[in-house]
Amino acid sequence: MEMDWHAERTDLADLSLLDTENAGEPIDLVAVRAYRLGRVRTEMAKRGIAACVLHDQVNIRYATGARNMQIFSSRNTGRYLLLTERDAILYEFTGAMHLANGLETLTEVRPAITASFVAAGAKIAERERLWARETAAALRELVGAGATVGVERMNAGAAAALAAEGFRLVDAQEPVEMARCIKSPEEMKCVRASLRATEKGVARLRDAIRPGLTENALWSILHQSVIEQDGDYVETRLLNSGPRTNPWFQETGPRVIGEDELIALDTDVVGCHGYYADFSRTFHSGPGKPSAMQRELYRTAHEQVHYNMAIIKPGMTFRDYADRAWEIPERYFANRYYLSSHGVGMTGEYPYLYHRADFPDAGYDGVIEPGMTLCVESFIGEEAVGEGVKLEQQILVTENGIELLSQFPFEDRLLG
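In terms of my numbering, the sequence shown opens at residue 4 and continues consecutively.
Calculated from the structure, these hints are not laboratory results.
Careful, some of the hints might be misleading.
[To be verified] Subject to a maximum C-alpha distance of 25 Å in a straight line, what follows is the list of computed DMTMM-like cross-link-like pairs (lysine to aspartate or glutamate):
| hint | residue 1 | residue 2 |
| --- | --- | --- |
| 1 | Lys-316 | Glu-330 |
| 2 | Lys-126 | Glu-168 |
| 3 | Lys-292 | Asp-210 |
| 4 | Lys-203 | Glu-402 |
| 5 | Lys-316 | Asp-210 |
Computed from a predicted structure; not experimentally measured.
Kindly generate the complete structure, drawing on both the sequences and the hints.
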């Protein structure tokens, strides 16, 4: 399994590490990585977890700063991290071990064993047992036999094989999510850099709007801009127009944008330094003026977002937020957005804050804390009637209230 194709090369000394260049204001990325790694280890210790085996690529990147083919690796189990109180061993994809050279968060980089059906075929169970034996040997050396190990995002067969090696397996999502939800001041520089780059892309998209353009062509402008500015990718395809704006979650397609239609966008950009830039705006295609109904929908969504932003404060419980949040008018309730607000960092994350009506079935309690970054959501559209409006703002919870992070302007023509 020793398959590092570049092990003997001597011409890689000047290879640039990804996510080490500054975007905008100077960022101490070593400090960012140290903070994040410390957060994960602290949350592991709180729960008596001796080691975590992480397959979620965002979690690996959060804990160590190491990245490689994030989307591909999210569905191919050829890259994982073994993390303990003192060690961080990255098991890297075949031929890619050189990518993490120089990362101070890692104690070692080893070749991964890819325990997937596409890699092993009918021998998948044998491969999973091999993976479990090799991983168990490393765990015994680092934390001892029978230790509590956190796992996530892995094959059921591999998890069963690792459990058979005598370890107590628990879910690693809780400690990692709780680590990720509180941002450091230096980490917030990464968030702002991602937002500023995404806002440039949305400005280009807005400037390009015209009847006759397809949704796909319009959406591609944002994606191109994100990549040009060293962002990663757009996680969803949430741009739609006219009748496809209601209900929400209709993905971008080949539809031709018509005259005087609404165009709704949710950015969902994994941008600079891997941080999520998540705000929503709704535009008008022209050439005429927005209708009275379009303006009413827009003003209503605008009211919901700003009302809910105004009540958020540190120390507020999730239940209290749900009880005090904006009351959705009955005619818009059926097509409401499924959340009132949600956490955001390198992706959408903990916590989810639900509407009052949904809290008994879906909600859970907790406390809004300083350092949390949240997205306050609204979708307004009547059931089976007309268009809809999607608006959303990204904020930071501070010691005294909130700070608005997303700065892209709203549409005066739709607010008027």
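Which hints from the list above does the structure break, by number from lowest to highest? 4, 5
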